[in-house]
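J.: Okay, here's what each chain looks like letter by letter:
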Amino acid sequence: MANVLRNSAKFGFSGVLSQLSIHSRHGRECVSPCFSLQQRNNSTSPKIKVDLDSSTGVAVLRMQSPPVNSLSLDFLTEFCINLEKLEMDRSCRGLIITSTLSKVFSAGLDIMEMYGKSPERCGEFWKAVQEMWLKLYGSNMATIAAINGSSPAGGCLMSIGCDYRIMVDNPRYSIGLNETQLGIVAPFWFKDTLVNTVGNRAAELSLELGLLYSAPDALKIGLVDQLVPEDQVLSTAQDTMSKWLAVPDHARQITKSMMRKQTIDKLLSNREADITNFVSFITKDSIQRSLRMYLEMLKSRKA
Amino acid sequence: MANVLRNSAKFGFSGVLSQLSIHSRHGRECVSPCFSLQQRNNSTSPKIKVDLDSSTGVAVLRMQSPPVNSLSLDFLTEFCINLEKLEMDRSCRGLIITSTLSKVFSAGLDIMEMYGKSPERCGEFWKAVQEMWLKLYGSNMATIAAINGSSPAGGCLMSIGCDYRIMVDNPRYSIGLNETQLGIVAPFWFKDTLVNTVGNRAAELSLELGLLYSAPDALKIGLVDQLVPEDQVLSTAQDTMSKWLAVPDHARQITKSMMRKQTIDKLLSNREADITNFVSFITKDSIQRSLRMYLEMLKSRKA
Amino acid sequence: MANVLRNSAKFGFSGVLSQLSIHSRHGRECVSPCFSLQQRNNSTSPKIKVDLDSSTGVAVLRMQSPPVNSLSLDFLTEFCINLEKLEMDRSCRGLIITSTLSKVFSAGLDIMEMYGKSPERCGEFWKAVQEMWLKLYGSNMATIAAINGSSPAGGCLMSIGCDYRIMVDNPRYSIGLNETQLGIVAPFWFKDTLVNTVGNRAAELSLELGLLYSAPDALKIGLVDQLVPEDQVLSTAQDTMSKWLAVPDHARQITKSMMRKQTIDKLLSNREADITNFVSFITKDSIQRSLRMYLEMLKSRKA
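Residue numbers (this note's numbering), protein chains in the order written: chain A, 1 to 303; chain B, 304 to 606; chain C, 607 to 909.
Worth flagging that the hints you see were computed from the coordinates, not collected in a lab. Watch out, some of these pointers could steer you wrong.
[Stated by the list, open to error] Dumping the calculated SDA-like pairs for lysine to any residue here, alpha-carbon to alpha-carbon at most 20 Å:
#, chain 1, residue 1, chain 2, residue 2
1, B, LYS494, B, ILE567
2, B, LYS523, A, ILE221
3, B, LYS494, A, GLN262
4, B, LYS587, B, SER421
5, A, LYS261, B, ARG504
6, C, LYS733, C, CYS686
7, C, LYS872, C, VAL801
8, A, LYS266, A, GLU131
9, A, LYS85, A, LYS103
10, A, LYS191, C, LEU840
11, B, LYS564, C, GLN868
12, A, LYS191, C, GLN832
13, B, LYS523, C, GLY828
14, A, LYS103, A, ASN196
15, A, LYS261, B, LEU570
16, A, LYS243, A, THR56
17, B, LYS430, B, ASN385
18, C, LYS872, B, MET562
19, C, LYS867, A, PHE188
20, B, LYS494, A, ASN196
21, C, LYS741, C, LEU658
22, C, LYS849, A, LEU205
Sequences are here, hints too, so could you generate the full structure?
T.: See below:
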């Protein structure tokens with residue numbers, strides 16, 4: 001595989017733009033299928049709202065950062081602080097993650113965090129992405145993603161970081177790790193989490209082609225566990241959570257750790273190298289040029 | 304995952320008893336879904352009966368220890384001695400394991416071996432459980448489980464230790480590694496065997512929730528290979544065995560070793576630590592209290 | 607597993623011949639299900655034909671070595687030279703592999719390369735088999751197998767070395783790693799590739815029993831990705847290829863490497879030992895006797 005990069009200069013992002021326009025032409029929801037762009041907003045209004053029901057021990061975390069719950073550094077920081085608080089709160093045993101936005105769960109990593117930023121800032125951003133996954137995949141709480149809209153790339157990562165996934169039964173909503181379509185590569189721990197969820201072959205096909213699965217297709221390959229009508233996503237998540245919480249916590253937690261520890265340890269022992277890789281890749285001139293083209297395309301589409 | 308035990312003190316076996324009564328309320332067979340309790344019986348009548356047909360090279364091992372083929376130290380010792388004899392017998396090429404009891408294949412590990420026993424005795428017991436699995440999962444014989452009744456916990460482990468599983472097509476019979484439901488944790492080699500059989504994600508869900516699958520559901524996730532009517536379990540096992548024995552033995556054996564060696568070696572090189580872990584866990588005051596509650600519940604249910 | 611070879615002397619190839627005759631009696635295509643025998647032919651006519659469409663960047667490699675595209679040393683050498691040429695050609699991005707023969711994709715390794723040959727020659731042959739797989743499984747090109755006929759043993763290995771498999775929707779065509787049926791053992795890298803494709807349990811069953819799957823059954827377990835009518839295999843492969851080539855090459859290539867590198871590295875670091883194993887096994891008297899019986903059976907079948 002020494003010459004794996006042989007062709008990398010040959011074909012840039014040429015296919016990407018046409019890909020994206022085809023995407024919207026076909027009538028899917030116009031969530032940018034990988035990165036998302038959203039207006040900067042320096043207000044201190046929270047991007048995340050958490051309600052903990054102390055009678056049930058179940059917290060609902062609502063992502064409320066319009067237009068598409070982009071995973072910016074601010075968003076991720078707020079997300080992780082909330083997660084940590086709940087993790088420390090002995091009255092909280094279960095966590096449901098959902099979105100307040102129409103049609104989108106989360107559109108994934110915020111492209112603005114990767115475009116025209118210093119290497120230091122890019123590194124800080126990537127560390128926050130790692131942190132989000134580490135906290136979620138290794139959480140002691142029972143975690144359920146109530147996926148009430150599209151969930152590409154980083155949104156998909158967040159979903160497969162949970163213990164269980166319930167998605168709206170609507171073929172217009174899609175989910176998947178579609179990074180390859182944009183000319184970038186999902187890092188090894190995205191890949192490991194996907195393999196753990198759907199198996200090696202489905203993950204291989206999915207990652208090499210950067211596939212986005214409609215909700216019904218996602219159910220078929222096991223990327224989500226259950227489909228329900230739009231108005232039942234949250235109530236189903238609550239019902240399902242009560243089954244998870246009927247299991248003695250410590251036995252469930254040790255079992256979860258046994259299943260996930262190896263995957264988590266792999267990132268923990270390669271964390272700095274993973275940040276370095278990301279920063280050196282994303283700050284390349286060719287990648288920055290592609291991101292600019294992509295941003296301009298997104299802007300012109302809005303206009 | 305450092306704080307995986309954070310909540311362990313918070314929630315004990317509280318959910319377990321209600322869980323169990325729900326279980327029986329729903330009309331399933333009243334096989335204790337994980338551990339089993341059976342009257343002590345110091346007779347020397349064999350708990351296992353073996354018939355080897357020297358014309359076919361196929362042995363049928365019948366478990367006949369009422370009421371539920373609990374895996375006690377005596378039972379396991381007898382099981383392993385029989386297995387070893389067959390393994391050494393060059394006229395024996397195939398082994399079918401089944402039960403003489405109505406409605407139950409094996410209800411799993413005998414709770415009486417874990418309650419009020421000395422650490423030494425607990426360690427001896429656990430070593431016998433390991434031995435049963437090591438001998439079965441690594442057997443040179445072609446091995447088929449003819450699962451003619453429910454098969455929770457240790458009964459499930461015995462089943463997935465075989466090469467092929469045929470179960471009665473009856474939704475009232477269930478199978479699964481349901482340890483978590485009782486507040487205990489299936490050790491890594493139970494987990495590895497389950498992952499090898501049903502894949503990582505099904506194993507994760509199954510172990511974290513301690514799921515028992517009805518026969519049809521077990522077929523769906525690949526926990527068993529085939530369902531047949533009750534009166535055809537043994538004959539189907541015999542027919543299937545003749546297909547296995549049509550394959551040249553040495554090629555099948557080397558292939559089996561290639562598939563299973565890594566999983567077996569993992570226990571072999573951690574055997575003492577695994578025993579120590581089990582003994583220190585099971586002799587804890589909190590666990591012994593839970594076992595007592597569980598025993599009392601089983602007794603009152605009988606009354 | 608120390609005594610895994612215990613029975614190896616007991617049962618030779620006794621079951622194999624009857625197996626094979628049963629096979630043909632049931633009306634399957636009479637492709638030798640594992641090794642193939644074909645008339646020696648010292649002509650220099652190419653066994654492989656390659657057409658590269660420079661407008662699309664897609665090469666079609668046609669295997670045209672009658673009667674059954676046996677993988678002889680000459681065939682494999684020609685195959686690897688062609689693969690290398692395409693890999694170096696920057697205008698070639700995708701490769702479709704198919705057969706010009708009726709009813710057979712490839713019948714697998716040429717038995718004549720293993721019968722009555724010197725250890726040196728056997729070693730040279732096995733190195734070429736390794737090389738074929740290494741080049742294919744690690745190719746930078748998008749690779750699609752257009753499986754227009756039966757594809758046992760080495761033919762199956764070639765298929766699962768590709769990125770995607772399209773097979774003729776005809777139950778008379780079969781595919782699988784059926785080595786065990788002939789008393790030989792698929793080496794670890796055949797096994798690893800199969801596990802990566804169909805998962806651990808299906809691979810275990812498949813390899814221990816040496817199963818050949820009809821096209822519909824192959825689709826069910828994921829051994830092939832898609833079935834189409836006979837006259838649409840190549841056109842479907844071309845259409846599918848255009849989807850693969852819509853993905854930016856370098857991202858797809860790095861992702862492919864991430865998925866397959868570990869499996870490839872395992873052979874690379876055990877290459878010599880794997881050759882030694884093969885040579886010492888295949889040159890055994892008992893194996894050579896079995897191959898002679900097999901050859902005589904094939905000859906008498908032809909007569």
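J.: Take the hints in turn and mark each one as holding or not.
T.: Here is how each hint holds up against the structure:
{"no.": "1", "hint": "LYS494/B x ILE567/B", "in the structure": "holds, 12 Å"}
{"no.": "2", "hint": "LYS523/B x ILE221/A", "in the structure": "holds, 14 Å"}
{"no.": "3", "hint": "LYS494/B x GLN262/A", "in the structure": "holds, 14 Å"}
{"no.": "4", "hint": "LYS587/B x SER421/B", "in the structure": "holds, 12 Å"}
{"no.": "5", "hint": "LYS261/A x ARG504/B", "in the structure": "holds, 14 Å"}
{"no.": "6", "hint": "LYS733/C x CYS686/C", "in the structure": "holds, 11 Å"}
{"no.": "7", "hint": "LYS872/C x VAL801/C", "in the structure": "holds, 14 Å"}
{"no.": "8", "hint": "LYS266/A x GLU131/A", "in the structure": "holds, 14 Å"}
{"no.": "9", "hint": "LYS85/A x LYS103/A", "in the structure": "violated, 28 Å"}
{"no.": "10", "hint": "LYS191/A x LEU840/C", "in the structure": "violated, 31 Å"}
{"no.": "11", "hint": "LYS564/B x GLN868/C", "in the structure": "holds, 19 Å"}
{"no.": "12", "hint": "LYS191/A x GLN832/C", "in the structure": "violated, 24 Å"}
{"no.": "13", "hint": "LYS523/B x GLY828/C", "in the structure": "holds, 16 Å"}
{"no.": "14", "hint": "LYS103/A x ASN196/A", "in the structure": "violated, 27 Å"}
{"no.": "15", "hint": "LYS261/A x LEU570/B", "in the structure": "holds, 18 Å"}
{"no.": "16", "hint": "LYS243/A x THR56/A", "in the structure": "holds, 12 Å"}
{"no.": "17", "hint": "LYS430/B x ASN385/B", "in the structure": "holds, 17 Å"}
{"no.": "18", "hint": "LYS872/C x MET562/B", "in the structure": "holds, 15 Å"}
{"no.": "19", "hint": "LYS867/C x PHE188/A", "in the structure": "holds, 12 Å"}
{"no.": "20", "hint": "LYS494/B x ASN196/A", "in the structure": "holds, 14 Å"}
{"no.": "21", "hint": "LYS741/C x LEU658/C", "in the structure": "holds, 18 Å"}
{"no.": "22", "hint": "LYS849/C x LEU205/A", "in the structure": "holds, 12 Å"}
In summary, the numbered hints that this structure violates are 9, 10, 12, 14.
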